[in-house]
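Residue numbers (this note's numbering), protein chains in the order written: chain A, -14 to 497; chain B, 4 to 276.
Worth flagging that the hints you see were computed from the coordinates, not collected in a lab. Check each hint, because a few of them may be wrong.
Per the computed footprint, the stretches of chain B lying under chain A, defined by three or more beta-carbons under 8 Å from a beta-carbon of chain A, are [stated by the list, open to error]:
id, stretch
1, 119 to 125
2, 130 to 143
3, 177 to 186
4, 219 to 232
In silico lysine-lysine, DSS-like type, Cα no more than 30 Å apart, as pairs [to be verified]:
id, chain 1, residue 1, chain 2, residue 2
5, B, 210, B, 190
6, B, 142, B, 190
7, B, 219, B, 163
8, B, 219, A, 489
9, B, 142, B, 219
10, A, 489, B, 163
So these bits of chain B aren't anywhere near chain A, every CB distance computed over 12 Å [said to hold, decoys possible]:
id, residue
11, 28
12, 36
13, 44
14, 49
15, 56
16, 65
17, 90
18, 99
19, 104
20, 110
21, 159
22, 163
23, 256
24, 259
25, 260
26, 273
Computed from a prediction, not measured in an experiment: that's the story for all the values here. Positions of the beta carbon are idealized from the N, C-alpha and C atoms, including for glycine.
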Amino acid sequence: MRRVRGEGPWAWLAAGSVALSLLLLVALLALLAGRGLAHFWPGELVQIELDDGSRFAARPGREERSAEGVERLYHTGNREWLGTPWRWVEVARIVEQRRPAELVIVERRRWGDFIGRVAGLEEDGVALDIDDEAARWTALDERLGRLARLREARDALRQQEVMPRVRALAAEQDVASRARLEDELAAANAEVLALQARMARDRVVLESVEGERLALPLEEVLALQRPNAMSLPAKLGAWGERAWRFLSEGPRAANTAGGVWPAIFGTVLLVLLMSLLVAPFGVLAAIYLNEIAHQGRLTRLVRISVRNLAGVPSIVYGVFGLGVFVYGIGGSLDEWFFSEQLPSPTFGTGGLLWASLTLALLTLPVVIVATEEGLARIPDHQREGALALGATRLETLRRVVVPMALPAMLTGMILAVARAAGEVAPLMLVGVAKLAPQVPVDGEFPFLHLERKFMHLGYHIFDVGFHSGDVEAALPLVYATALLLVMVILVLNLTAIFLRHHLKARHGALPR
Amino acid sequence: MLAQPDTPAVNASRDAVIDIDPGASCLEIQGLSLAYAGTPALSDLTLRVPRHRVTAFIGPSGCGKSTLLRALNRLHDLNETVSRRGAIRLEGQEIHAPEVAVAELRRRVGMVFQTPNPFPMSIYENVAFGLRLQGGLRKRQRDEVVEWALRSAALWDEVKERLGDSAWSLSGGQQQRLVIARTLAVKPEVLLLDEPASALDPISTLKIEELIRSLKSQLTLVLVTHNMQQAARVSDYTAFLHDGELVEYAPTDALFTNPRLARTENYITGRMA
């Protein structure tokens, strides 16, 4: 008992610190997940009547208390008539609030959301005569389904018929085959146009609560929901679909709507390229420092310097990358190989290659230190065992030392990935873009376009959160993107941890 | 340090060191002195190690017996602070001569260390390690050598079903026999054993000792041990080292039953740490 009492305060302090750290972590993830994931939920729509007799339909949001009373934020959509899709309303002024099942929210390709009612359907500019509410919904669903099939057919046609011929035409020299290819291309294009004409046939007539009417081509509709009429499973389905579109689509409306796929792709590709660049350099440097170099004062100095490099602020690496990689090496490359495109730069501007090189430089100390520690942990008798069998120092390194140090090297890579994936500041100088819907990998030779600018989740958060016009629309996206960034880093790390575990499991723990 | 006054060491070592017939000796050490960064570890050592016999080096900790052993296959080469004088000849050939390749020397003079040090590979790959370094063997020949080596190290029956398992899954004693098998696979002429059983339990120790006795028909063994019973049990000749000097070198029976010098007697009877 005395022992416990003696240790009491310290034990409590230590345990308290752990609990606090855990709590903060959980709170962080909960905040991101709660705010971010709620954004995709098809929340109910309300129709409001105010004390002055005016009416509007909207999705209710957060409330704020002010001197005049409680105010609530409504997402009204219909930006083309109202000027802004958001409206603060004093709760005291609300006379009546209803939840009509027929209220729809339409996600459009342009102008953001529409909130109101479906008044009718048009085909080739002629209104369809459907009075029955249920029949109209069935007809609308049918047409949306047809549109999806047409779009699929058109995309397939473009992919399989049009693009190969465009590429073949660029390479073909023979006049006869050129003419044949051109004919085929024209035919394929005509087919695409015909499909697009069929896609443009259907329109949905929408009417806002205030009485404004709009005939919207169905092609412009990204999603159409009646949340008040949806069952829970249907809502879950709609939630999943929206979340998936967030992951798989490119951004729209100055990054305040749409998805983040190019940013996910950019982040992962950047980190992978960085790993490919930093791994060989870091590992070789660590091997040299620990296994080959004479352990004298100079080696110690180099080692201390490397460790201190890990503490240099990342923006400094960004400046270095800009000066050396972008302007120095990139500028020279442009002069030597891409002079016909000057003054517009090819490599002489920020791009994927320079960004991954900058990050590789940034994470180099981490990899060197972790690898060196792994090498130092290998008992000397392992090296001597190999030497005593007649292995040279190189053979000893390659066959015994390096395989044993692999888990440590992977630990270094995990630390490097964790640091690099969250880094934003240096990227702003060496190649991240606000909007680059074209991902740096495509079907066009050389498939991986290292000179292209790219999007990045970290920078996307910064851009959406602070540079967008529509703060209310951007905020949930900031949370969702932040959650996604954490997830991406987690997945990258788990992959490396799994790999390391696999390597360790193959031979068990280091003996003694 | 000494419990009793002793005869002067310089004179004594002349008398107390037996001479092995040069024709029957495998290793010949002449006037060997060795220092770590200026601190002497061995001074003016001269002895011959007989072929196909077990020779044990005994002595208190820090007496230089391990240093001597490591000099025999030039493991000190890696340490830049080590300076050496004197000659070591393997079958009449000076091992420091420029035409001797150190890797080839270490293949001829194998070594087993205090701590079992199997590589992070399968059992099979551990034994095949040295063979792969040399190259030139087909898989079937390699399989045969691996089996022969494991049989010679009395390990075959225990591992023949699991050659693909990690070597680190074996017990300490098995690991040490695996290391011996690994060394035997490259067919060395001399096997240096640096306290090979000190990290093992009594039963494993017994097996290693049996193995050492059985191997002397194939090669010359040099054993460093701080366990005098072990030296008495397995060796044919014993050299007692103290403070980097060779004090007494004699057939094991003679040394343990009738030591010439008081220093040796003190040590083997436990009166000197």
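How the hints compare with the structure:
no.: 1; hint: 119 to 125; result: holds (count 6)
no.: 2; hint: 130 to 143; result: holds (count 4)
no.: 3; hint: 177 to 186; result: holds (count 4)
no.: 4; hint: 219 to 232; result: violated (count 0)
no.: 5; hint: B:210 to B:190; result: holds, 21 Å
no.: 6; hint: B:142 to B:190; result: holds, 18 Å
no.: 7; hint: B:219 to B:163; result: holds, 24 Å
no.: 8; hint: B:219 to A:489; result: violated, 38 Å
no.: 9; hint: B:142 to B:219; result: holds, 29 Å
no.: 10; hint: A:489 to B:163; result: holds, 24 Å
no.: 11; hint: 28; result: holds, 22 Å
no.: 12; hint: 36; result: holds, 23 Å
no.: 13; hint: 44; result: holds, 17 Å
no.: 14; hint: 49; result: holds, 25 Å
no.: 15; hint: 56; result: holds, 21 Å
no.: 16; hint: 65; result: holds, 18 Å
no.: 17; hint: 90; result: holds, 21 Å
no.: 18; hint: 99; result: holds, 16 Å
no.: 19; hint: 104; result: violated, 9 Å
no.: 20; hint: 110; result: violated, 4 Å
no.: 21; hint: 159; result: holds, 20 Å
no.: 22; hint: 163; result: holds, 20 Å
no.: 23; hint: 256; result: holds, 31 Å
no.: 24; hint: 259; result: holds, 30 Å
no.: 25; hint: 260; result: holds, 34 Å
no.: 26; hint: 273; result: holds, 29 Å
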